[in-house]
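So the protein lines, in turn, are chains A and B.
Residue numbering for the first sequence follows the numbering used here, beginning at 1 and increasing consecutively.
Residue numbering for the second sequence follows the numbering used here, beginning at 1 and increasing consecutively.
No lab work stands behind these hints, which were simulated from the structure alone.
No experiment lies behind these values; they were computed from the predicted model shown.
Some clues are possibly wrong.
Below 25 Å or equal to it, Euclidean Cα-Cα: the simulated SDA-like pairs (lysine to any residue) are [claimed, not checked]:
hint: 1; chain 1: B; residue 1: Lys-248; chain 2: A; residue 2: Asn-57
hint: 2; chain 1: A; residue 1: Lys-279; chain 2: B; residue 2: Arg-234
hint: 3; chain 1: B; residue 1: Lys-246; chain 2: A; residue 2: Pro-289
Just a sample of chain A residues kept apart from chain B, beta carbon distances all over 12 Å, derived [unchecked claim]:
hint: 4; residue: Leu-32
hint: 5; residue: Trp-34
hint: 6; residue: Leu-41
hint: 7; residue: Leu-223
hint: 8; residue: Ile-265
hint: 9; residue: Leu-358
In this text, a Cβ means the ideal position worked out from N, Cα and C, and glycines have one as well.
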Amino acid sequence: MSASNGFSVRRFSPEPGTWGKLTARDSIVRRLDWTLMFSALALSAMGAVLVYSATRNRTELTGGDQYSFLFRHTLNTSIGLTLMVVTIWLGHRTLRGAVPVLYVLSVVLVLAVLSPLGSTLNGAHSWIQLPGGFSLQPSEFTKVTIILVMAMLLAAKVDAGDREHPDHRTVLQSLAIAAVPIAIVLLMPDLGSVMVMAVIVLAVLLASGASNRWIAGILGTGLLGIVLIWQLNILDQYQIDRFAAFANPALDPAGVGYNTNQARIAIGSGQLTGSGLFKGSQTTGQFVPEQQTDFVFTVAGEELGFLGGGLIILLVGVVLWRACRIARGAPELYGTIVAAGVIAWFAFQSFENIGMTLGIMPVTGLPLPFVSYGGTSMFAAWIAIGLLQSIRVQRPISA
Amino acid sequence: MSNIPETGRITRVTIRLVVIQILVFSLLLTLGGRLWYLQIRNGDEYSNQASNNHVQQVVEPAVRGSILDARGVPLADNQTRLVVSASRTELMKMADDGQAVLTRLAEVLDMETKDVTDKVRLCDSKTPQPCWNGSPYQPIPITDEATTQQALQIRERAEDFPGISAEPTAVRRYAAPGDANTAQVLGYLSPVTDEEMKKAEDTESPLLRADQIGRSGLERTYDSQLRGKAGVTRYEVDNLGRVIGKAKSDPAVPGANVVTSIDARLQAIAEKELYKAMKAARKEHDRNTNQNYKADAGAVVVMESKTGRIVSMASNPTYDPNAWVGGISGKDYQRLTGKDSNYPLLNRAIQGQAAPGSIFKVISATAAVNAGYDFDDKYNCSSAFNIGGQVFKNFESKGYGPIDIARALEVSCDTVFYDLAYKQWQKDGGNKPKDKPADHFYKTAHQFGLGEETGIDLPNEVAGRVPDRKWKKDYYEANKDAWCKQAKSKKRDYVTQIARENCAEGMKMRAGDSVNYSIGQGDTLVTPIQMATIYSAISNGGTLYDPSVGKAMVSPDGRHVKEIKPTAHGRLPMRGDTRDKVDKALAGVVTNGSAAWRFGGWPQDKIPMHAKTGTAEVHGKQTTSWFASYTKDYTIVMTISQGGTGSGASGPAVRNIYSALYGVDAKGGIDRKKALLPSPQAKLPKIQKDGTIEAPQIKPPKKTEPVETAPVLAAGERDQRGQRPLVTLDAGRSPVSAPTTATPPLAATGRRDT
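Can you make the complete structure from the sequences, with help from the hints?
Below you can see the structure in the form of structure tokens.
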């Protein structure tokens, strides 16, 4: 279905090849976006050091082995890299065919979380405990499948050359398909993930070229939803508390505002160059909760200062910049939509995560992509990088 | 990008991708801006917050410096007591919050378990005393009177008493060496108040909850030097309060020692002589009131004539300053400040004021000379002086006929001064005063330093008063309503008559006022320290020194000695020849004047003595006895309220103090060996290399009757009875509130200036 649009697309055959094949002038290795790769890898590496700093004294977490989290973060990164390679090797067009299967699989997984298989952490029922102390957070994968399934539906007729833009029916279909896992995640309730997914849906629609009325409609529905959620007391008390603390951390510095306040003190005290790695008193004193996961940015802020914190934001910026290039350069609308979805995901999640530690966003349980400790999130992020790379390597080489 | 047209992509998608890109990068910019705001713009503030977050301070109070006498004998120092304290953080780590340990501890200390547990609980709005309101990281004292036995038990069975320590700790002690109580000069300490802590928060020397503050006397004047700087150990703790490291710590800096000019031996004698003189006066019959003299208060000042330094300063009634140590009990506080106490806390040498009587005449004599009268002319010493039908008697002497001013001083002839003052009053316009009256007599009093503080280095000195025209006017304005109201009543008693007179012409300087004033009677008020300053100025040739008790400050290591040099606040308004003549006349008082009968046999040729007696009338009370005297080295001024005449009540005591100073026996022989201080102690005590100050042994005092003190439970007594109130560092344990604001009403010679 790909070659039928009349463009000369040179398709790469992912056969296991020799070194020569790999390094040939137009080989896949040459065409990979290495800037994107190394930026994401740098984030993961920084994450490893920061996670280590945050956990090395927390014996109740590490069970006495201070390198435990460092090791597991590195392992997660390696698995993530492997998943990226697999994704590139399969190629997004191959995956495009498997999207329906992946979608169903992810819906089953999030449903499993709601079943007795799932477990509750920090008020959100969004985990599946696996044997061996591992746990899975299926909503991370759902972000990927929502992007893929919507891209598949929205791009089908356009990439086939049938239409210039997705028609209303297709848009409606794709929205309905996306709504299923989002609704399940909302029931967990994992509000942070729902917010990310909503932003993904919006970005995907934007990139698909869907009519402006749909965009306006989605925005309106989103606003209405927020008003309704607020008015109908759908939120749990802890979620309202988190929001109240974001609005006014001085309200109750010993209770709700404690996290945000301590996070802000940690970051603020870092000043320009930070207190030095492993020398942050806020970090050593464990004043910031969840510091290896959601609040990992505070370690950077305190121990590496403005330079370190700024570097993380810069690296995220590089990743997004490369992703934007890939989105605009993609030969098919499908690739553009997938890249836009990934951009929205990474951008919003990073902004929300760093923003909450800086006190400009309410506290939600979202990890910082690549940096935070957490296997599923790491895997999903690297799969997304794999998708971006495979879109890039399949773009036509300019003549 | 060049590839967009190639892919033939429709512009809508491209535009939207650009929008997404712009949105994404503005989000990142927002993060960067916010990061800058927190870390660069407000970084300092958060840094402070961060360090407060995880640093807990443990305060180790500094050892307060000692107050030493001129030879190094400690008048106030510290005593080591065994203090048993409990570490709350340690106790709270135990499964039962340390209950078992505290129970065992109570057993060893012979205390009730509840008393012990109550002491370590933290104060809050619902918890009644006793409770701990200091830092929970601070060891909490349980008792300060553990026996060595108990301390050993606790230390040897350390495994049974985790978190409990028994450490020797310094506690203030007023040792009264050789019976030199020195109570009012030393002052006392009491715990810091919340207000003071708040006030000192942002200053160079912030106060700590455990601090004691000097409230009076030297303890107050030299408080900041004596207090030193408390040591602070800063522990870094984690969010659960567990210690994870030690931050920058400041070791305690002990306070400086203050060397005074007081001589403990002489101080003891001065106190004893004052007490003896007052007791003797109480056996004398007062013909005016037809009862024995009450002698309810008294003071004596011994000053170095050439420097203004105080060698002794005694005030009676007195008390034991140890009553304050460790927080005064409510009962003791009542005994020291209650209505029936006669206010033993007052230092009557600087806070007691009374009319000076005839010791004022040196001022009148100087005023007369300054007004143009010749010292050596003859003036009529009649037996009485008559102004418009009002008769002013010659109180202390009989009529001597025409005599010079020197003789008038010797025999304390009133009428000579009446006449001089009356003439001056007439010159200034009499009842219709001139625009700018010369007022020689009043001006001279001001020049002598009356009506204002001498500037002694003791707190709350009072100024006395010179009843000049300005004061008259102010006083009239303040009181005329009351006087005129009283004047309207039909009563014919003395008070109403005075009120009537005052209402009619109280604003005027009347002839009678001026005449009375010239012999130190009437509305004039002086303090013993003012008179001592004046008489030592006459002795030293005219310099009015600021009296001083502190002589030097010695750093705890002994390396830095800061001498407190004598300072002066003026010179007597006397020409040299006048001073010589007054000096000679005052010697005459001792040889053939009003004090001669008390100084029979004094070796005047070897130790020339000068004196002036005074007997001041106080309306409604018995006369105040004054005795002012000096040699070339020392000046002694003594006063006894309701004590009788100057020479009668105070003379022998003053002579005894001189005898002790110079080693003079009853017959006038001088035994140099017995002399305590034949010339003032010029040198500071010897300071050893380790900073300790050498102190000579003070002989235990002879078995004489001890000076009676206010009936408080002194430290020794309390020790014996085992009821000594706890010395804890806990200011909140409500020792009676600091009595700095307690203002007793006017005592006979005493007024507390606050």
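Please flag the earlier hints that this structure goes against, numbers listed from lowest up.
8 and 9
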